[in-house]
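S.K.: Spelled out from the first residue to the last, the chains are:
There are 2 protein chains.
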Amino acid sequence: MTAEKGSRSWVESANGHPDFPLANLPLGVFSRDGDEPRGGVAIGNFILDLRAACEAGLFGGEALSAAQAASGNSLNAFFALGATARKSLRGALQELLGEGNSQRERLKGMGESLLQPMDRCQMHVPAKVGDYTDFYVGIHHANNVGKLFRPDNPLLPNYKYVPIGYHGRASTIDVSGATVKRPNGQTLPPGASEPSFGPSKRLDHELELGIWIGQGNARGESIPIGEASGHVAGFCLLNDWSARDLQAWEYQPLGPFLSKSFATSVSPWVVTPEALEPFRCAQPPRPEGDPQPLPYLYDEQDQQHGALDIELEVLLLTDAMREKGLPAQRIALSCTRNMYWTVAQMVTHHSVNGCSLQPGDLFGSGTLSGSSADSLGSLLEITQGGKQPLELASGETRTFLEDGDEIILKARCRREGQASIGFGECRGRVIPASS
Amino acid sequence: MTAEKGSRSWVESANGHPDFPLANLPLGVFSRDGDEPRGGVAIGNFILDLRAACEAGLFGGEALSAAQAASGNSLNAFFALGATARKSLRGALQELLGEGNSQRERLKGMGESLLQPMDRCQMHVPAKVGDYTDFYVGIHHANNVGKLFRPDNPLLPNYKYVPIGYHGRASTIDVSGATVKRPNGQTLPPGASEPSFGPSKRLDHELELGIWIGQGNARGESIPIGEASGHVAGFCLLNDWSARDLQAWEYQPLGPFLSKSFATSVSPWVVTPEALEPFRCAQPPRPEGDPQPLPYLYDEQDQQHGALDIELEVLLLTDAMREKGLPAQRIALSCTRNMYWTVAQMVTHHSVNGCSLQPGDLFGSGTLSGSSADSLGSLLEITQGGKQPLELASGETRTFLEDGDEIILKARCRREGQASIGFGECRGRVIPASS
Numbered sequence: 001m002t003a004e005k006g007s008r009s010w011v012e013s014a015n016g017h018p019d020f021p022l023a024n025l026p027l028g029v030f031s032r033d034g035d036e037p038r039g040g041v042a043i044g045n046f047i048l049d050l051r052a053a054c055e056a057g058l059f060g061g062e063a064l065s066a067a068q069a070a071s072g073n074s075l076n077a078f079f080a081l082g083a084t085a086r087k088s089l090r091g092a093l094q095e096l097l098g099e100g101n102s103q104r105e106r107l108k109g110m111g112e113s114l115l116q117p118m119d120r121c122q123m124h125v126p127a128k129v130g131d132y133t134d135f136y137v138g139i140h141h142a143n144n145v146g147k148l149f150r151p152d153n154p155l156l157p158n159y160k161y162v163p164i165g166y167h168g169r170a171s172t173i174d175v176s177g178a179t180v181k182r183p184n185g186q187t188l189p190p191g192a193s194e195p196s197f198g199p200s201k202r203l204d205h206e207l208e209l210g211i212w213i214g215q216g217n218a219r220g221e222s223i224p225i226g227e228a229s230g231h232v233a234g235f236c237l238l239n240d241w242s243a244r245d246l247q248a249w250e251y252q253p254l255g256p257f258l259s260k261s262f263a264t265s266v267s268p269w270v271v272t273p274e275a276l277e278p279f280r281c282a283q284p285p286r287p288e289g290d291p292q293p294l295p296y297l298y299d300e301q302d303q304q305h306g307a308l309d310i311e312l313e314v315l316l317l318t319d320a321m322r323e324k325g326l327p328a329q330r331i332a333l334s335c336t337r338n339m340y341w342t343v344a345q346m347v348t349h350h351s352v353n354g355c356s357l358q359p360g361d362l363f364g365s366g367t368l369s370g371s372s373a374d375s376l377g378s379l380l381e382i383t384q385g386g387k388q389p390l391e392l393a394s395g396e397t398r399t400f401l402e403d404g405d406e407i408i409l410k411a412r413c414r415r416e417g418q419a420s421i422g423f424g425e426c427r428g429r430v431i432p433a434s435s
Numbered sequence: 001m002t003a004e005k006g007s008r009s010w011v012e013s014a015n016g017h018p019d020f021p022l023a024n025l026p027l028g029v030f031s032r033d034g035d036e037p038r039g040g041v042a043i044g045n046f047i048l049d050l051r052a053a054c055e056a057g058l059f060g061g062e063a064l065s066a067a068q069a070a071s072g073n074s075l076n077a078f079f080a081l082g083a084t085a086r087k088s089l090r091g092a093l094q095e096l097l098g099e100g101n102s103q104r105e106r107l108k109g110m111g112e113s114l115l116q117p118m119d120r121c122q123m124h125v126p127a128k129v130g131d132y133t134d135f136y137v138g139i140h141h142a143n144n145v146g147k148l149f150r151p152d153n154p155l156l157p158n159y160k161y162v163p164i165g166y167h168g169r170a171s172t173i174d175v176s177g178a179t180v181k182r183p184n185g186q187t188l189p190p191g192a193s194e195p196s197f198g199p200s201k202r203l204d205h206e207l208e209l210g211i212w213i214g215q216g217n218a219r220g221e222s223i224p225i226g227e228a229s230g231h232v233a234g235f236c237l238l239n240d241w242s243a244r245d246l247q248a249w250e251y252q253p254l255g256p257f258l259s260k261s262f263a264t265s266v267s268p269w270v271v272t273p274e275a276l277e278p279f280r281c282a283q284p285p286r287p288e289g290d291p292q293p294l295p296y297l298y299d300e301q302d303q304q305h306g307a308l309d310i311e312l313e314v315l316l317l318t319d320a321m322r323e324k325g326l327p328a329q330r331i332a333l334s335c336t337r338n339m340y341w342t343v344a345q346m347v348t349h350h351s352v353n354g355c356s357l358q359p360g361d362l363f364g365s366g367t368l369s370g371s372s373a374d375s376l377g378s379l380l381e382i383t384q385g386g387k388q389p390l391e392l393a394s395g396e397t398r399t400f401l402e403d404g405d406e407i408i409l410k411a412r413c414r415r416e417g418q419a420s421i422g423f424g425e426c427r428g429r430v431i432p433a434s435s
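Respectively, the protein sequence lines represent chains A and B. Using the numbering used here, you'd call the opening residue of the first sequence number 1 and step up by one each time. Using the numbering used here, you'd call the opening residue of the second sequence number 1 and step up by one each time.
The hints are simulated quantities; they were obtained by calculation from the structure and are not laboratory data. Quantities reported herein were computed from a predicted structural model and do not represent experimental measurements. Backbone N, C-alpha and C define an ideal beta-carbon position, used for all residues, glycine too. Misleading hints may appear alongside valid ones.
[Stated by the list, open to error] Computed from the model, here is a short list of chain A residues facing chain B with C-beta under 7 Å:
(1) Gln68
(2) Ala77
(3) Ile164
(4) Gln186
(5) Pro190
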């Protein structure tokens, strides 16, 4: 690993950059002026064009193969190569972009043919998603939502044994910045005996960590817990937009469907396991009386080092705030230590029945609320099902999202003695329903 | 439509063929001796090789474009062309393969370069499935399963308003003939307070109609009910293999997950809407007291002509039957008139929130049980949750599927004055779980 060699880059904007210093180097798919989308790496305020870098002969050996696999219009081929190739590319990129690189003047001279200004580029969903699975591992969210339905018994008996998940819709996964059209659907208004049809009145966000799958498993063969983290290609932010009124009416007995399938937003940059390595931590101890994971989900190394310490933030920007020139308001600050199951446990559980995971599959963690009132990852929780409106600094209130509202998710990793890194943003603005 | 012009083919085995007479002409993807999979059309005991037919100049105009789109290793491009192109190809095929074709001697002379013997070919999943959605429109199944949990109130209040569905796993869709490995997973044994891990003890089949989506809809735009059937490319049989013990433990609150995602089998031939046109019928009247569909799901033409009259059959072949030389035993005879919602209603409902459907998406209907004891589409129903073993002619009994058991789904359309057509088979044999 070369991550600790030096943290400064000759790309000046990278040094001290809140999201994309040399220690991060996330991958994504970008285009400029409508040209062909292609793979790139975020460094400061720029995107390193991987195709241009390959053509300029800046990589060799396994790093070159990895960069070539990441040069196309999706990262699936790169994800399929697995950890060794990914680490080779990371090492080569840190060398290439490091302050001490003897070729820095030549590289600077390549200008925008190598480093594209990020603010002139369009980002795309980084991989073609084969299957998308949404989990439910945020225990405070599960508790909070459960309380709305079953005050005395919020968590169902399976929760502490099963990393609960369900299949989501792959065709409606959007990259940050895409608008979110308010969905139409059936709802049962309070007190009514028959459903109505129309735009959702209880549109909500969900703050989630997204997990990109790298190498898959052969059909019929499960992934042992000790190998599971090796199947993860990287991480992003994910907003699992939810129409709570559609959800309440449709979800029994087979789970959420149209209440979720209208849109799921992801941040464009795939933050690698290598960049997150300094921010690994032990899985928080289970509360007294909770069962231990079943043996197929238990690995000592995973328990000691498999959790993630990532700070998560939700901001809301309304039309009124825009008009008044007010900044987006933070409505939640949470973190990934609120996951009851590790990512490795999610991967192993998903494959234990022989289900094949494939490069480019996407997992959502489930909503990652904390235990305090200012750490809740959905309006459903913040407003207690719409009963306690959220008061905003702009003088407005919200129970659920209104047209024009924009939700911005952010994530940052900080640890003493380490360069902080960030995920970039996952933004989405609500536009009116079709009439 | 040329379907009624003449029903006899110069391919002798097509005349009177139970599945593939000239009136059917389903499309699929086949290969032979390990060569590249490619599109073909079933006719009698043969597969017409569409690529060979294109190269031999047997098609022109729009039929040629359609045949070319169907010549690759998946039918997605053909599905995307929609109904007009599909009908052109059907017309050209009926002309080409019809008894009266003046070129028949030349065509016969092409031998296996044009017509591959079906029993020498391997079939493949006919399209790359973007998203797979499983519905629940078999009302008798919903009633029967509901009764096992809620004897007095089997159907939930949403059932008669909402075509209930959920997202399924696309990566584990298999073509008929693939084995089905018994899944491992968590279950809560009767009377236990903690779950166990191991092979499912309650493995089951589900008899379903599969629906292949043709042209999709733009994101954010729903498909009006009057246009919905135009978005269907064809039909197949589908076995939604289900591990009932995993399902019971995992499914609250987000629906079935690993209990279904280990395998879904489909029959290889895509039976077109044109072939099924003579077997359309009125949607059976809703029982007295049931609500009418909401306006977005109601279309008079769909109600009068949008249902399907297809006979469905489930057969079971055990190792003991194989050893004794006994044939597979029929364990259910049902039909598609047991669908509470039409296929058009499923398509419209799925898109009403703006969710984009794409060519090659697959729907399952949900289990299509009838109202009588000999028409039940799953062992869960036949054995009343395992309480009433099924007695087989071989002297064996079954509550759920045992290793070695093979489930065979069949479908046939018959109507006086019409050539009968069939779907071919959807077979799958259970093999032991991984240790």
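S.K.: A separate judgement is required for each hint: does it hold in the structure or not?
M.R.: Cross-check of the supplied hints:
For Gln68 of chain A, the interface hint is violated, since its Cβ never comes within 7 Å of a Cβ in chain B; the closest pair sits about 24 Å apart. Among the interface hints, the one on Ala77 of chain A is violated; its C-beta lies about 16 Å from the nearest C-beta in chain B, farther than the 7 Å criterion. At its closest, the beta carbon of Ile164 of chain A sits 6 Å from a beta carbon of chain B; the interface hint therefore holds under the 7 Å criterion. At a threshold of 7 Å, the smallest CB-CB gap from Gln186 of chain A to chain B is about 6 Å, leaving the interface hint in force.
Against a cut-off of 7 Å between C-beta atoms, the interface hint on Pro190 of chain A is violated, since the closest Cβ of chain B lies about 14 Å away.
Comparing the model with each earlier hint shows violations of hints 1, 2, 5; every other hint is respected.
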